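Protein chains: 2
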Amino acid sequence: MNKDKAKVREILDAVKAAGRNSLTAPEGKLVCDAYGIAVPKEGVATNAADAQKLASSMGFPVVMKIVSPEILHKTEAGGVLVGVKNADDVAKGFDTIVANAKKYNAKAQILGVQVQQMLKGGQEVIIGAVTDGSFGKLVAFGLGGVLVEVLKDITFRLAPATREDAYSMLDGIQAADMLKGVRGSDPVDRDALAGLIVGVSELVSDFPEIAEMDLNPVFASKDSAIAADVRIVVDFAAKAPRYRPAEADVLVAMKRIMQPKSVAVIGASAEAGKIGNSVMKNLINGGYKGNIYPIHPKAEDILGYKAYKSVKDVPGEIDTAVFAIPAKLVAGALTECGEKKIAGAVLIPSGFAESGHPEMQSELVAIGRKYNIRLMGPNIYGFYYTPANLCATFCTAFDVKGSAALSSQSGGIGMAMIGFSRSAKMGVSAIVGVGNKCDIDEDDLLIFFEQDPNTKVIAQHCEDLKDGRAFAEVARRVSKKKPVIVLKGGRTAAGAKAASSHTGALAGNDKIYEDVFNQSGVIRANSLRDLLDFARGVPLLPTPKGENVVIITGAGGSGVLLSDACVANNLTLMPMPADLDAAFRKFIPPFGAAGNPVDITGGEPPQTYKNTVLLGLQDDRIHSLILGYWHTIVTPPMVFARIIVEARDEMRAKGIEKPIVASLAGDVEVEEASQYLYEHGIPAYAYSTEIPVAVLAAKYKWARGAGLM
Amino acid sequence: MNKDKAKVREILDAVKAAGRNSLTAPEGKLVCDAYGIAVPKEGVATNAADAQKLASSMGFPVVMKIVSPEILHKTEAGGVLVGVKNADDVAKGFDTIVANAKKYNAKAQILGVQVQQMLKGGQEVIIGAVTDGSFGKLVAFGLGGVLVEVLKDITFRLAPATREDAYSMLDGIQAADMLKGVRGSDPVDRDALAGLIVGVSELVSDFPEIAEMDLNPVFASKDSAIAADVRIVVDFAAKAPRYRPAEADVLVAMKRIMQPKSVAVIGASAEAGKIGNSVMKNLINGGYKGNIYPIHPKAEDILGYKAYKSVKDVPGEIDTAVFAIPAKLVAGALTECGEKKIAGAVLIPSGFAESGHPEMQSELVAIGRKYNIRLMGPNIYGFYYTPANLCATFCTAFDVKGSAALSSQSGGIGMAMIGFSRSAKMGVSAIVGVGNKCDIDEDDLLIFFEQDPNTKVIAQHCEDLKDGRAFAEVARRVSKKKPVIVLKGGRTAAGAKAASSHTGALAGNDKIYEDVFNQSGVIRANSLRDLLDFARGVPLLPTPKGENVVIITGAGGSGVLLSDACVANNLTLMPMPADLDAAFRKFIPPFGAAGNPVDITGGEPPQTYKNTVLLGLQDDRIHSLILGYWHTIVTPPMVFARIIVEARDEMRAKGIEKPIVASLAGDVEVEEASQYLYEHGIPAYAYSTEIPVAVLAAKYKWARGAGLM
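Just so you know, the sequences run in chain order A and B.
Numbering of the first sequence is given in our numbering, commencing with residue 150 and proceeding in unit increments.
Numbering of the second sequence is given in our numbering, commencing with residue 150 and proceeding in unit increments.
The hints are simulated quantities; they were obtained by calculation from the structure and are not laboratory data.
Take the hints with a grain of salt, since some may be wrong.
Copies of the same chain look alike in the list, so a pair counts if it works inside one copy or between any two.
As the list claims (entries may be wrong) - Capping the alpha-carbon separation at 20 Å, the derived lysine to aspartate or glutamate pairs in DMTMM-like fashion look like this: (1) K455 x D162; (2) K630 x E488; (3) K423 x E821; (4) K301 x D320; (5) K438 x E176; (6) K214 x D237; (7) K241 x E219; (8) K214 x D340; (9) K301 x E176; (10) K423 x E753; (11) K574 x D378; (12) K735 x E503; (13) K630 x E298; (14) K490 x D378.
Just so we're clear, the structure is a prediction, and the values are computed from it rather than from any experiment.
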């Protein structure tokens with residue numbers, strides 16, 4: 150794209166100089182021209198012959214309008230003609246308009262008649278841009294018209310957007326089929342529309358002072374997309390740049406904090422019930438092998454560890470300092486930590502911004518930046534990093550090691566993560582509280598977990614993103630390597646701010662999160678249980694090699710519900726090829742139903758489950774299996790569980806690995822069987838047909854987003 | 150409404166006599182006229198003066214069309230004028246049209262010129278009717294236009310529809326706001342639209358041979374709603390009337406079957422592992438106190454009970470016969486049961502329609518009707534009715550008595566119901582397998598459970614409804630007394646049949662189920678877990694007296710997620726009145742947040758939970774409470790659970806009862822606390838903010854549908 154930045158700069162400078170906060174229509178058109186954003190052709194004619202020439206060059210019909218500084222209400226003055234169809238009418242129209250204008254106001258200075266290409270037909274759409282407090286510049290796309298406004302059918306992407314982003318926006322609205330040509334209408338020119346989207350997104354990115362922008366309507370036809378009206382709102386107020394340390398520095402600090410050689414406990418206590426005592430006990434009982442330095446103003450020794458009055462008295466290097474002292478003492482101790490060149494402070498204490506003391510929190514941030522010490526919290530439970538047996542928290546020690554790295558903005562949700570993980574035996578590499586997020590936030594954690602060999606999946610609970618753009622940029626990269634799952638609280642909060650553009654008014658805050666998460670490859674969990682179930686199940690599954698899912702079920706009823714869940718979760722039930730159908734039928738009773746689901750019927754012995762699962766794993770056309778088990782005396786739950794693991798292992802030995810999930814319907818023994826399957830690498834769920842499919846779908850969503858299939 | 154049925158009958162008879170399957174446009178208009186369905190005014194003029202008179206009487210603009218049997222392509226013949234604006238133009242138009250027609254075909258017989266009221270502006274909508282295989286006649290409503298078709302935004306009700314149904318349809322589409330007047334447009338005439346809907350619904354109900362009908366488009370303006378085009382498709386093929394026993398007879402039979410004084414087990418066996426042995430053991434070990442008659446061709450005695458060769462040899466009356474014999478023997482034994490005047494046969498055996506033998510199933514149905522014996526199944530696990538300690542099934546005995554009556558079409562789903570109920574200690578009054586539903590189906594069960602004092606909630610899994618209309622009629626009545634919850638499998642199946650009308654093509658099968666369930670007061674569960682959780686939780690909750698929900702939470706993060714869930718589930722978070730806000734603030738720390746959610750903060754003692762919950766229960770403006778608990782050492786889980794039950798009991802003693810649900814975030818001890826709360830009448834869930842809100846919302850949905858609030 151040819152971009153005439155100088156031209157835009159010149160126009161914006163003029164607007165700024167004039168003290169205006171929006172561009173005039175002609176200014177808007179010039180800006181569009183500078184960025185190759187198609188607007189209607191137009192020109193001003195001073196005589197009828199010129200008007201004819203202009204109109205013929207742009208094609209009929211045209212719109213004609215009087216140009217006179219004295220005439221503001223052009224229509225009232227008889228100074229507008231719409232749909233002028235040929236050169237003769239243009240000549241007549243010129244004379245009519247000028248005559249009308251003179252009649253309307255004899256003193257008016259007539260500068261000429263504007264001739265403009267008239268747009269009609271095709272599909273009306275809206276393309277716009279907004280500035281979000283967290284994500285910065287976003288480009289928007291939706292259908293035009295009142296109905297679409299009522300349905301709030303609009304989609305967003307971070308600006309600048311790629312052409313691929315732009316095409317995904319065209320497909321990303323509910324009414325996307327309208328663009329493909331319905332009831333005999335032509336499909337729209339997708340390339341032209343994508344070009345406008347990219348152009349707008351680059352324009353607002355190149356010129357941050359453009360706060361909001363609307364192309365509304367854009368007329369999209371089979372061979373063009375032209376913005377009939379342009380509205381640009383500007384904001385020249387200087388913005389403080391966001392504090393964003395270099396990623397390399399983030400990683401160095403995060404590694405020291407999460408995998409410390411030495412930990413100081415500021416406010417360590419020998420007294421049971423105190424937070425400083427719980428932290429000490431958790432460090433010790435959790436099995437942490439590094440140095441532990443209790444810091445206490447008076448004690449000589451705490452729980453067998455030599456105590457120091459200050460971190461500055463500790464002889465060796467300290468990586469992480471866990472704070473368990475009252476809020477008012479934190480700043481002083483933090484300064485000492487800074488002087489000691491400690492990498493990170495884990496600020497358990499509350500009493501800061503969350504309790505009406507933002508100034509105390511700002512003080513910590515200033516100290517942190519001054520000494521280059523990263524701050525976790527304040528107002529948190531601390532964190533666990535199980536590969537180092539590190540329980541830097543006042544909660545109970547956590548012992549189920551595994552590959553899920555969890556974090557939460559809320560302490561309560563963090564406790565639920567701990568409880569669920571323990572109860573469901575979910576292996577965890579880390580659980581981190583980020584609390585008030587005065588410094589360390591979700592993207593710092595992503596940067597650490599990205600390279601952490603002990604972490605296979607990252608699951609985060611958040612209520613906001615302090616810097617959504619930083620998060621999105623990091624998440625886009627990390628999610629290509631490891632699934633990133635986010636539960637975003639506050640999704641239904643009224644997030645709309647006062648906005649002066651149409652696009653701005655449609656920008657519900659949650660829709661932006663939804664779209665940016667998608668753009669960044671983040672899997673969004675819709676509920677706390679989904680977050681936990683995805684974190685637990687997704688890392689067990691191998692990456693699918695294609696979209697073909699097959700259901701093998703003993704219970705026809707489960708098969709139906711599993712199919713429903715596949716459709717609801719955007720999974721593809723493979724149409725069963727005839728030869729494969731015949732192959733499945735060999736294993737199942739004559740009244741069983743092949744096709745997909747493969748219904749092996751309820752009374753079958755274990756070998757039928759095994760034969761069909763082996764076939765499903767062996768056939769290259771099938772990429773994933775969903776199993777529906779029905780508890781019978783012929784194939785009891787644990788027999789089913791063992792034989793499925795056997796089948797999986799036999800195929801794995803031959804180098805065949807496919808995702809398998811299972812739904813178990815039956816009496817309480819299916820709970821033990823589900824747990825057995827989970828512990829052997831197969832996500833399995835009792836009494837649910839939805840959770841196994843949602844977990845598989847989360848894996849698919851990730852694999853698609855990461856470009857792995 | 151004045152209905153001229155004779156006129157409609159006359160027209161339909163003529164169509165039938167002509168062997169046609171659709172009505173002409175004039176016939177369609179006459180039918181509409183007969184039912185007060187507004188269509189454009191029209192008339193035929195034979196001279197220009199008449200045309201002027203006609204046009205003036207209906208108002209301008211008008212459409213004029215040549216009327217000639219020889220001229221089919223009126224436009225081609227120059228025989229159509231649109232938008233004729235005044236009497237002069239009408240006169241001129243008459244002459245022009247006639248002249249054009251003569252020029253087009255000199256031999257054409259000119260009958261005159263049709264003058265028709267021209268409709269435009271307002272909102273285009275579509276009103277139609279279809280005939281569904283299960284539900285019969287349905288009336289449909291949606292916005293007109295391509296976009297709405299793309300979005301499939303249409304809603305259905307059983308016909309005939311009441312005016313109230315009709316208004317609910319206007320509000321029941323996604324784009325309902327379009328009817329209310331957006332961006333300065335007028336709201337439409339809701340009364341006129343409702344009148345059209347009711348008229349169409351009565352017409353198709355009164356004349357079952359009308360198979361499909363479209364009013365498309367209907368122009369709805371601020372003071373009228375007129376159908377511009379009418380399409381009526383008829384089907385005169387005789388339909389076999391549905392078999393539907395009288396409800397009184399259903400109830401007499403169902404009572405004998407579900408609460409039998411005597412049970413025969415046909416195919417009873419002493420041999421462990423046989424189904425007939427399991428059934429005997431379950432009857433005996435389940436504690437059934439009535440007579441048990443094993444039926445066996447040879448045995449004298451089975452498990453201590455005297456055996457008979459046939460039910461006809463049993464001396465006393467038998468209410469229920471449980472079949473545990475091969476499929477091929479069932480018909481013979483069923484005939485004997487009929488002769489013995491047994492009320493019901495529980496047909497456990499499979500090998501009928503589900504295995505490719507529909508003719509064997511039809512034989513059973515014929516025997517059942519002949520002898521007036523009701524059939525449960527075939528192809529089922531049997532049923533439980535716990536108030537009678539009756540386990541008429543081959544599964545294990547079920548022992549957790551309670552008030553939920555469950556049923557399933559699928560055996561696997563039935564087993565999941567048993568497992569979940571046992572595991573979650575859900576009290577159950579009955580679990581019934583309906584399997585192939587050759588006779589007894591969901592509405593027979595509704596009729597029984599409606600009057601069963603042991604049942605407070607009815608939860609059914611189904612894949613289809615053999616007679617959706619019967620179900621809907623019964624459910625509409627029963628749901629006013631007890632919540633009816635349905636999980637409908639196959640929701641995403643391609644249910645659209647070939648349809649010759651526009652409405653028919655839009656009638657996705659699942660949308661019909663969705664709308665009819667709503668119309669009948671049925672709570673639809675979206676997943677198996679929802680069905681089970683609703684059945685478990687809903688009957689515990691007292692009926693709310695109003696919409697005002699307040700969240701009281703120790704964890705801010707839970708409060709946010711609980712709020713999200715309220716919005717997603719259509720619950721109203723009460724705006725907190727200032728005086729009540731002040732009252733809550735007295736109990737919570739200064740940095741806690743009142744408002745709604747009431748955030749008491751995490752470090753609070755049990756008394757803070759209790760004080761705020763007591764206040765929430767006492768204040769009349771609050772109708773329901775959602776609690777968010779955060780596990781801390783200050784208020785451990787079981788302490789929280791006990792104090793909440795105490796608070797509830799104190800208020801109950803004063804006659805105050807409100808729904809309370811709870812979400813518990815914490816370590817594994819919250820599971821025990823949740824179970825304690827559930828067992829004390831408060832639905833409570835560990836690690837979930839969504840399930841408690843969904844359960845409360847199900848109660849609300851029921852209460853609203855039943856007109857109780």
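### Query
Okay, which hints does this one fail, numbers in order?
1, 2, 3, 5, 7, 8, 9, 11, 13, 14
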